[in-house]
Structures are given as C-alpha cells and as structure tokens.
Amino acid sequence: MPRLETAATRAQVVSRSLIGLALALAGALTWQGSAHAQTHRAALVVQHSSSWPGSHVLWKCVEFAQEAIGGLALLQLAGVNSGQPPQIYDWGGGAYTVCQLDRQPQVIPDRCFGPISGPNWSDWTQTANGWVARATGVAGYTVRDGDVEGWSYSTGRGMQPPSVSFNQVCPAAQPPTAAAPSRRATPSAGAGARATPPALTTSIESPSPAMEALAPSVSPSAGTALAATGPPTSPPAGGLLPWLLLGGAAIVLSGLGAINLRRRGQ
Amino acid sequence: MIRHPLAWCAWATAALAVAFIDRNPFLQALLLLIVINVFIAYRGGHRIRIWKIGLALAVVPVVFSVALSRFGTHVLFILPAIPIIGGRWTLDAAVFGASTGAALLLTVAIFAVVQTTVRSSDLLAVLPRPFYRAGTTVALALAFAPKTVASLHSIREARQLRGQRAGWRSAPQLLLPLLLTTLERALQYGESLDARGFGSRRRSRYRPVPWTIPDVLVVVGSLAAVSAIVLLPVQPYNPYLNLLPTAPSVAPILGVLLLAIPAVTISHSRTDHAAHHA
Amino acid sequence: MPLITLDGVSYRYPQAERPALLDVSAAIEPGQVILLRGASGSGKSTLLRCLNGLVPHSTGGEFSGRVIACGLDTRTHAPRDLGVRLGFVFQHPEAQFVLDDVEAELAFGMENLGLSGPLMRKRVEEVIDQVGINHLRRRRIDTLSGGERQRVAIAAALATHPQALVLDEPTSQLDPQAAEDVLQVVIRLVAELGMTTVIAEHRVERIAPFVDRIWTLDAGVLKDQSPRAAVAEGGARPPVVDLALRAGWTPIPLGLRDARVHAQHLPTSTRPTHSEGGSGWGPATCKIENLEYRYNGVPAVRGLTLTVRRGQITALMGRNGSGKTTLLKVMAGLLRPQRGTVHADARAAYVPQDADGLLFSATVEDELRGQTPEVAAPFHRWLHRYPRDLSSGERQQLAIAVVAAEADLLLLDEPTRGLDPMIKMTLSAFLRMRADAGAAIVIATHDVEWAARTADRILLMAEGEIYADGPPGTVLSDSLVFATQISKLVGGGWLLPDEVPV
Chain A
1 MPRLETAATR AQVVSRSLIG LALALAGALT WQGSAHAQTH RAALVVQHSS
51 SWPGSHVLWK CVEFAQEAIG GLALLQLAGV NSGQPPQIYD WGGGAYTVCQ
101 LDRQPQVIPD RCFGPISGPN WSDWTQTANG WVARATGVAG YTVRDGDVEG
151 WSYSTGRGMQ PPSVSFNQVC PAAQPPTAAA PSRRATPSAG AGARATPPAL
201 TTSIESPSPA MEALAPSVSP SAGTALAATG PPTSPPAGGL LPWLLLGGAA
251 IVLSGLGAIN LRRRGQ
Chain B
1 MIRHPLAWCA WATAALAVAF IDRNPFLQAL LLLIVINVFI AYRGGHRIRI
51 WKIGLALAVV PVVFSVALSR FGTHVLFILP AIPIIGGRWT LDAAVFGAST
101 GAALLLTVAI FAVVQTTVRS SDLLAVLPRP FYRAGTTVAL ALAFAPKTVA
151 SLHSIREARQ LRGQRAGWRS APQLLLPLLL TTLERALQYG ESLDARGFGS
201 RRRSRYRPVP WTIPDVLVVV GSLAAVSAIV LLPVQPYNPY LNLLPTAPSV
251 APILGVLLLA IPAVTISHSR TDHAAHHA
Chain C
1 MPLITLDGVS YRYPQAERPA LLDVSAAIEP GQVILLRGAS GSGKSTLLRC
51 LNGLVPHSTG GEFSGRVIAC GLDTRTHAPR DLGVRLGFVF QHPEAQFVLD
101 DVEAELAFGM ENLGLSGPLM RKRVEEVIDQ VGINHLRRRR IDTLSGGERQ
151 RVAIAAALAT HPQALVLDEP TSQLDPQAAE DVLQVVIRLV AELGMTTVIA
201 EHRVERIAPF VDRIWTLDAG VLKDQSPRAA VAEGGARPPV VDLALRAGWT
251 PIPLGLRDAR VHAQHLPTST RPTHSEGGSG WGPATCKIEN LEYRYNGVPA
301 VRGLTLTVRR GQITALMGRN GSGKTTLLKV MAGLLRPQRG TVHADARAAY
351 VPQDADGLLF SATVEDELRG QTPEVAAPFH RWLHRYPRDL SSGERQQLAI
401 AVVAAEADLL LLDEPTRGLD PMIKMTLSAF LRMRADAGAA IVIATHDVEW
451 AARTADRILL MAEGEIYADG PPGTVLSDSL VFATQISKLV GGGWLLPDEV
501 PV
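From first to last, the protein sequence lines are chains A, B and C. Heads up, the first sequence is in our numbering, so the first residue is 1 and it goes up one at a time. Heads up, the second sequence is in our numbering, so the first residue is 1 and it goes up one at a time. Heads up, the third sequence is in our numbering, so the first residue is 1 and it goes up one at a time.
What the simulated footprint calls covered on chain C by chain B, stretch by stretch (three residues with Cβ under 8 Å from a Cβ of chain B suffice, anywhere in the stretch; the number is not a length):
hint, region
1, 49 to 60
2, 90 to 101
Per label pair, the in silico range of CB-to-CB distance:
hint, chain 1, residue 1, chain 2, residue 2, range
3, C, Arg138, B, Thr13, 24 to 32 Å
4, A, Gln168, B, Gly87, 32 to 40 Å
5, B, Leu187, C, Glu374, 34 to 42 Å
6, C, Gly114, B, Lys147, 28 to 36 Å
7, C, Ala219, B, Phe111, 45 to 53 Å
8, B, Phe111, C, Leu119, 35 to 43 Å
Derived from the structure by calculation, the hints contain no laboratory data. Note that the coordinates shown come from a computational prediction; the quantities given were computed from them, not determined experimentally. Glycine is no exception: its CB is placed at the ideal position from the N, C-alpha and C atoms.
Construct the complete structure from the given sequences, taking the supplied hints into account.
Here you go:
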C-alpha cells in the first residue's frame with residue numbers, strides 16, 4: 001500500500017522541482033532583460049611609479065549599465081590592461097588583490113604580491129575629504145555612478161593618486177552612448193556593463209606603444225575568477241543558440257521524465 | 001538498459017566532474033534535470049529521503065555564505081554591527097552559496113542514482129581478484145549504513161518510551177546500544193560469511209554482466225562530456241564579479257546532454273526492476 | 001554410519017560461569033530429521049553452531065569432546081570448509097545476506113566453491129524450484145519480507161548441495177503466516193528430498209509429525225527421545241497433546257491429522273456462552289473516538305472508536321498492515337491522531353516488537369532498579385548478567401517487565417515473537433497480575449493460542465478498522481483464520497485443551 005503513495009509523492013516532488021526550475025529560468029531571463037535600463041559612469045585614475053617608461057597617469061571614464069559594479073569589473077571595463085584581465089591574487093573567500101596592471105611590475109613576484117613593504121598596487125576612492133585607501137580587496141567594494149576610483153603603484157602603505165575631480169575625467173557634456181541596442185545581444189559582456197567606446201576615453205598621455213603590445217600573464221586561478229566578465233577582445237559567446245539548446249533540452253527532459261514517472265507510477 | 005557497473009562508474013565520474021568543474025547555474029540546472037531523469041528511469045525502491053538530504057545539504061552553503069560573506073555589490077540589507085553576522089548581506093553571497101549548494105545537491109543525486117542502479121554483486125564481479133575480499137567488506141559496510149540508521153531510530157524511539165527525552169545529553173546513552181546492535185549484527189554477518197564458505201581460495205563468477213552497446217555508448221558519452229568540459233575553454237562563473245550568469249557555450253551544453261544517454265537507452269521491457277513493485 | 005557425530009561435547013563461552021553444553025553425545029543418520037527444542041538460553045544455538053565449527057572457531061571459549069560432521073573433525077577444519085557440506089540458516093532474516101539481489105545471493109556459496117558458470121546456473125534453477133521462489137529471483141534482498149528472506153536463505157544453503165541442512169529457529173522472528181510459509185518449505189524438503197535436517201523450532205505442534213527424533217536441551221544437557229515420548233513431557237505441550245493426555249489417547253497424536261481419529265469419539269458438546277466481560281471491568285482508561293491516521297496519505301487507521309478499561313487484557317489481531325501497530329502507537333502518544341480524539345488518563349507504556357533498544361544498563365539489576373519485588377522476582381537468576389548477553393526471549397521478557405511495571409496502560413507489540421512456550425506462560429501470568437492490579441493492557445499479536453489463553457477481549461482488525469470485538473470464546477470460535485488448534489479439532493466453540501469435556 002505505501003508504495004503507491006510514495007510514487008505519488010515522488011511525482012509531486014519531481015514536478016514541483018521542474019516547475020521551480022522553469023520559474024527560476026524565466027525569472028533570471030526577465031531580470032537580465034530589465035537590468036539594462038540606465039547608463040552610469042565612474043572615473044578611474046591609474047598612477048604608475050615614476051620609473052615607469054610609459055605614461056605615468058591614466059584617466060578613464062567608464063560607463064556601465066548596472067546600478068553598481070565591482071572594483072575589478074571597473075578595471076576591466078576600463079581596458080587598463082590592453083583589454084586583458086589584470087593580474088590578481090586570490091586571498092581566499094572572494095578577496096582578490098590586483099598585483100599587476102599594464103605590465104607593471106614587469107616580472108610578477110612570488111605569490112603574485114611579493115614583500116608587503118615592496119612596491120605594490122593600492123586602490124583608493126575619492127571622498128569629500130580626498131583619497132581614502134580601500135581595505136577590502138578589489139572584490140569587496142562597489143562602484144556607483146559618479147564615483148572616482150584610483151590606483152597607485154608605490155612602496156610601503158601606498159601613495160595617494162593625483163587629485164582629480166569626477167568632471168575632469170567624465171565631462172558632463174558627454175552625450176549618452178549610442179551603443180545600447182547591441183547590449184542584449186551580448187549577454188556575456190559582463191551582464192550588460194560595457195567599456196566606453198575609445199572615443200569617449202580620456203587620457204592625459206597616451207600609453208606607450210610598447211605597453212600596448214604586452215599582454216599580461218594571468219595565473220590560472222585569477223583567470224578563472226575573472227573570465228566571467230568576458231575579455232572585451234573575445235567575441236560574445238553563442239548568441240541565441242545556447243539558450244535555444246538549454247530551453248529545448250529542458251523541455252525534452254521534462255517530458256521524458258514525466259513519461260517515465262507515469263509509466264513507473266502504475 | 002545500462003547494466004554494466006563500470007559503465008555506471010564512468011557515468012557517475014563524468015557527472016561529478018561536470019558538477020564541480022563548471023559552476024554555471026544553467027549548466028548545473030540542466031545536469032540536475034538529467035540526473036533526476038536517469039533516477040526516475042532506473043529507480044528501484046522508494047528513496048525519497050535521499051532527496052530530502054540533498055536539498056538540506058544544498059541550503060547549508062547558501063545560509064553560511066549569505067550570513068558570513070560581506071563581498072558583493074548587490075546589497076540585500078545591512079544588519080547592525082552584530083558580531084559575525086552584522087554588516088551587508090549581499091545577493092552575490094547568496095548566489096555564490098547557491099552554486100556551491102547546487103554542486104552538493106548534484107553529488108547526492110548522482111550517488112542516489114548509483115546506489116539504485118549498481119548492484120554490489122555486479123560490482124564485486126568486475127573487481128580484480130586481489131580486491132575481492134576488500135570489495136566484499138565494502139559491500140557489507142554499505143549495506144550496514146542504512147541498517148544502522150534504522151536501529152538508531154528504533155533505539156531513540158525505545159528510549160523515548162522509557163521517558164528519556166531525546167537531546168544532545170542523551171547521545172552517549174544512545175550510542176552504546178547502537179554500537180552493541182551494530183556489533184551484534186557484524187558478528188552475525190561474520191558467522192554467515194564463514195558458514196557459507198567465504199574466503200576459500202577457489203572462486204568463480206556467476207553470470208558476469210556482459211558489455212552491451214548501450215553500456216559502451218554511456219562510457220563514450222561520459223568521456224566526451226568530460227572532454228567537452230575540461231578541454232574546451234569554459235566561462236567560469238563568479239557571482240561576486242557578475243551576478244547574472246551568462247549562457248554556457250554550446251560545447252558544454254552538448255557534453256552535459258550526453259550524460260542523459262542512460263535515461264534515453266532504457267528499454268521499456270524492464271523485467272529487472274519492474275519486479276520491485278511486486 | 002552416522003552423518004554427524006557428537007562425542008562428549010562440552011563447551012563454555014569465554015568468561016561464562018557455567019558451560020553452555022555439558023557432555024553432549026548424539027548421532028544423526030543420513031536422512032534423519034531432528035527437532036531441537038529447549039527454553040530460551042538452553043544452548044540450542046550453541047549446539048547447532050558446534051555442528052559446522054562456528055563453535056569454537058568463531059566464538060573462542062573452552063571446547064572439549066569431538067564433532068565429526070560429514071567426515072570432517074570440526075577441531076581441525078574451519079567453518080568455511082564445513083559450510084558447503086552443512087547448509088546453515090540463521091535466526092535473524094536481516095543479517096545473513098552478503099549481496100543485494102536474490103540470484104547473486106543464491107550463487108554466492110557456489111562461487112566460493114569455484115563451481116563453473118553453467119553448473120551454477122543449473123543449480124540456481126533447481127533450488128529456485130525446490131523452494132518455490134521463482135517469483136522472487138529478480139528482487140533485491142532489501143525489498144523482501146522476513147519470510148521471503150528466510151526462504152531465500154534456505155535456497156542459498158541448498159545450492160551448494162549440502163549433505164545436511166541446519167536451521168536455527170528460522171521462524172522465530174516471523175509473523176505466523178510467514179512462519180508457516182517457511183515451515184512448509186522445510187517440510188517439503190524433508191518429505192520430498194529426504195534431506196537430513198536439524199531444526200530448532202518452537203512450533204513443535206507444526207513440525208513434530210515429520211520428525212524422527214526430538215532433542216531437548218536443558219541447561220546444556222541433551223535428551224534424545226522419540227517424538228511421542230518427547231511431546232508428552234514438559235510443561236509446554238502442544239494443545240493437541242495436552243488434550244490427548246487428558247483424554248488418554250494412545251498413541252499420543254503429534255498433529256491434527258493423527259488426532260482427528262480420536263476426536264471423533266469425544267462427546268459432542270458446545271461451549272456455554274459465559275457472560276464474559278460486560279460491566280465487570282474497571283473504569284475506562286483510554287477512549288478513542290473516530291481516530292484516523294494516515295502515512296503519506298494512505299489510511300492506516302480509519303474511523304476507529306474504542307474504549308479500553310482497567311483490569312482488561314485486550315488482544316488486537318489481524319493480518320500485517322491492518323493498522324495494529326499504528327493504533328498502539330497512537331494510544332502510546334508516539335503518533336499524534338490526525339483526526340478524532342484520544343483520551344487517556346493513564347501512564348502509557350509501549351513495548352515495540354524489537355525491544356532490545358529499551359535495555360541500556362550494565363546489569364539486569366540496574367535495569368530493574370526501583371521495581372517492586374514481584375516484578376524483579378523472575379529475574380533473580382540473571383541479576384548480575386549483562387542484559388545484552390541474555391537470549392532474545394529473555395531480553396524481551398526483561399524489557400516488558402521493566403517498562404510494564406511503571407505503567408497503567410500497557411501496550412505490547414508482538415510480545416511473544418521468538419519466545420519459547422514456558423516464557424510465554426510466564427508472560428501471561430505477569431500480564432494477568434498487572435491487569436488485576438488495575439492496569440489496562442492492549443496487545444497486538446498473531447499468536448492465537450496465546451491470545452485465547454491470555455486475553456479477556458479480542459479485537460479483529462482489517463484495513464484500519466475493527467470488524468469484530470468480543471470475548472475470545474465468541475470472536476475466535478467462529479473464525480477460520482484465527483482459530484486455535486483445539487477449535488480446529490473439536491469445534492463447538494472450544495478453544496483450549498483444558499476446557500473440552502472428555
């Protein structure tokens with residue numbers, strides 16, 4: 001007797017989980033669609049060391065669609081590493097620290113970071129009282145519209161980046177970007193966040209040609225952690241095909257499961 | 001109908017590899033759907049409890065992650081400065097926990113399938129001779145676990161009947177009878193093995209399971225699935241960097257779909273398992 | 001030449017005070033069927049384990065004398081060499097299987113012998129037919145019931161073509177229908193194959209007609225008798241034998257068939273309908289109204305109304321799955337009624353089928369601490385023993401005593417399973433004492449003879465409902481399934497041998 005009953009319960013459980021799965025899929029898709037409403041901007045300042053052969057200071061105005069993005073996403077969207085993900089170190093628990101930007105240092109020290117006193121990259125954010133050092137690692141904070149973020153390569157506890165205002169980097173007169181229609185078609189490009197087109201990027205000094213050619217080496221763990229944002233140079237994955245495949249497979253499998261359940265339930 | 005135990009081992013290994021290597025939620029969901037399908041197609045007795053355990057396991061990482069991790073950009077709410085749990089609770093952390101939980105749920109589900117489909121006698125039969133005794137021991141140990149849980153239940157119930165409330169403090173008193181029951185059972189198994197001539201030097205095999213075309217298909221499919229995940233570039237998923245997952249590329253999807261072969265190749269004559277419903 | 005010879009066998013378990021076997025000498029000829037009986041703890045299992053060398057090889061202890069089984073001396077040969085010559089079936093259905101499906105299990109012993117594949121296949125088919133388990137061959141062991149497991153165990157033992165079959169109380173853990181199925185297999189093997197068989201079994205009345213000798217063990221001492229001589233002795237005789245002794249029938253019948261010839265000459269009589277029960281009982285202690293309980297939606301008990309009174313012993317009977325255990329658990333407060341009301345104004349105690357978990361102290365004395373002297377009295381011999389060392393019957397008895405003494409609503413689930421007849425009678429007396437002291441007692445049981453002797457009121461259950469309710473004389477006398485041996489033999493509403501007029 002109880003056998004029949006368990007079969008029914010099992011059927012319920014499976015059908016419930018299938019429905020749940022379908023709802024989750026639908027929810028995720030609609031959410032993704034709605035996340036592209038508005039464009040936000042943040043200013044980024046990168047200060048290399050004085051011995052650096054290229055341009056010492058870089059300004060970038062970064063546009064992004066989301067309400068807020070992570071510090072690392074900001075760097076990537078800015079394309080500060082010739083479009084490659086910056087070299088980072090995983091401290092565990094989601095705490096990442098950047099240890100190489102634009103091929104500085106040229107040789108990555110042991111465990112990425114080298115001696116704590118030695119020259120390192122430090123990250124900063126500009127408040128009403130000037131620059132304040134970030135203490136959480138690059139994944140531990142978010143950047144919102146109007147924020148000014150800075151990176152500097154220096155020894156010891158770090159040197160503040162040069163003072164700059166948001167409007168210097170992101171002039172107010174900038175018209176909204178025209179690239180909006182392409183966003184939905186490239187879901188892999190960091191969930192709709194997008195680097196400003198080159199025309200909008202302001203640099204005080206252009207990067208040296210030698211630096212452009214240098215692709216930073218990426219440690220495996222760092223690579224895995226970062227690739228989700230999608231290196232801007234790689235083509236957007238798949239387009240519609242993966243979604244069609246996923247949806248089709250889900251429908252076929254649900255049908256198959258339902259048939260088998262009914263057959264076995266008898 | 002997949003019978004060969006090594007085919008199932010290949011399938012389970014491939015499924016586990018996929019579950020842990022690629023954390024893309026869409027791929028995980030697809031894999032879960034496939035594993036559930038295979039389970040439905042082959043299920044023997046009623047094993048609803050194992051799914052409950054799986055779901056419970058899957059919730060744990062979500063809770064831990066969301067309560068303890070402060071990373072992420074999508075703040076759900078901010079708790080006052082309570083030690084450990086105070087601070088920003090982020091959606092990213094919840095999603096990160098969910099993806100870990102999904103991998104755990106998948107593990108339980110895959111083992112549920114193997115437990116239903118692989119008969120220890122078949123597995124023993126394909127073991128090389130030197131491993132036979134060890135294999136038998138493992139088979140017995142596996143048979144032991146559910147029985148031990150069952151005796152724990154009956155002992156707890158019995159103690160409740162004598163007025164001892166269940167609680168942490170009574171654990172040692174629970175353990176002693178449990179240990180004794182288990183020991184008694186072990187002795188009985190030992191006697192039974194002895195009485196049935198176990199351990200003699202000669203040894204032959206009754207009805208070795210032959211490799212069939214579906215079995216080979218499953219092995220090939222499993223290999224292809226793992227290759228698709230391991231060899232082709234994947235886009236790993238990290239909610240802290242990007243909350244919304246992107247679609248996995250086509251190759252991993254096709255690879256994971258290959259793991260559905262056992263569910264598809266089941267023939268509906270099914271004499272073997274239909275008998276369970278007698 | 002005898003197949004098995006025991007020659008002056010004495011054995012003492014490690015650290016035991018007294019020997020389990022004392023100078024046992026006996027012989028079994030090929031084709032003979034031996035019934036081994038004796039009270040719980042009298043050494044039956046020990047003696048059977050001597051036959052294939054498990055004693056002393058796997059138990060240790062002091063062993064003297066000699067056992068020659070199938071030409072092998074157990075002192076020089078390991079149990080695994082003897083195992084294939086003597087098929088062994090254990091008491092517990094759960095713990096004797098190694099693999100997880102029936103056919104593999106049947107082949108396991110032969111694999112250990114190194115037999116060829118085709119030969120194994122042939123023998124598997126043969127034993128499947130001999131034991132009649134073709135419908136089970138593709139099942140997994142864990143889906144089998146206890147009775148089915150025991151039949152598979154017998155088939156597995158037969159598959160190696162043993163020269164003799166040894167069964168250690170194969171039915172003591174089974175309900176009566178399953179026990180009957182298993183015994184029928186044994187009887188068929190004995191009758192059709194002439195299998196040499198040694199069986200320990202409490203249901204003497206069922207198996208005695210097919211037996212050549214009855215061995216009786218008492219505290220390690222063996223008495224070897226003819227069946228008729230053996231059944232006439234001892235305090236726990238089959239009901240038919242009791243009646244035969246009272247009526248002076250000779251020779252003493254061993255079963256119902258032998259007895260029918262004599263029963264024809266009994267004076268025809270009908271049992272007077274006593275004014276049993278009625279208002280003679282104490283106040284109600286547990287009132288159930290419209291109780292409904294479902295497991296996952298399947299009703300186990302439905303629309304049940306019942307009042308239990310103090311001083312009354314109620315037996316709850318019915319096939320497996322008819323809701324007996326559920327009802328007991330609801331009364332005990334272990335399950336919450338899903339519909340209806342349960343009103344109890346008494347301290348309830350429930351003893352489950354497997355009562356081992358109830359015992360957890362270091363000595364019997366500790367278990368009995370705080371009990372009244374009359375409760376503790378039957379256990380005075382074991383006071384310093386470790387409860388788990390007692391035989392299963394003794395443990396059951398102790399668990400019931402320990403739990404029952406504290407309660408005035410006593411709920412027992414199959415308390416006589418595995419008990420020998422003497423202990424069953426002690427249990428009857430104990431329950432009567434508790435009832436007279438004002439306790440209400442409800443027992444779920446399959447044991448018709450014992451219920452007829454013990455209960456004041458019989459409830460028959462089916463499909464979660466009570467379909468018959470009344471004193472044993474009324475309910476059991478016109479039942480076909482729940483009929484005692486005497487009511488089958490004599491009719492007329494008589495239930496017990498001592499009440500039939502001769």
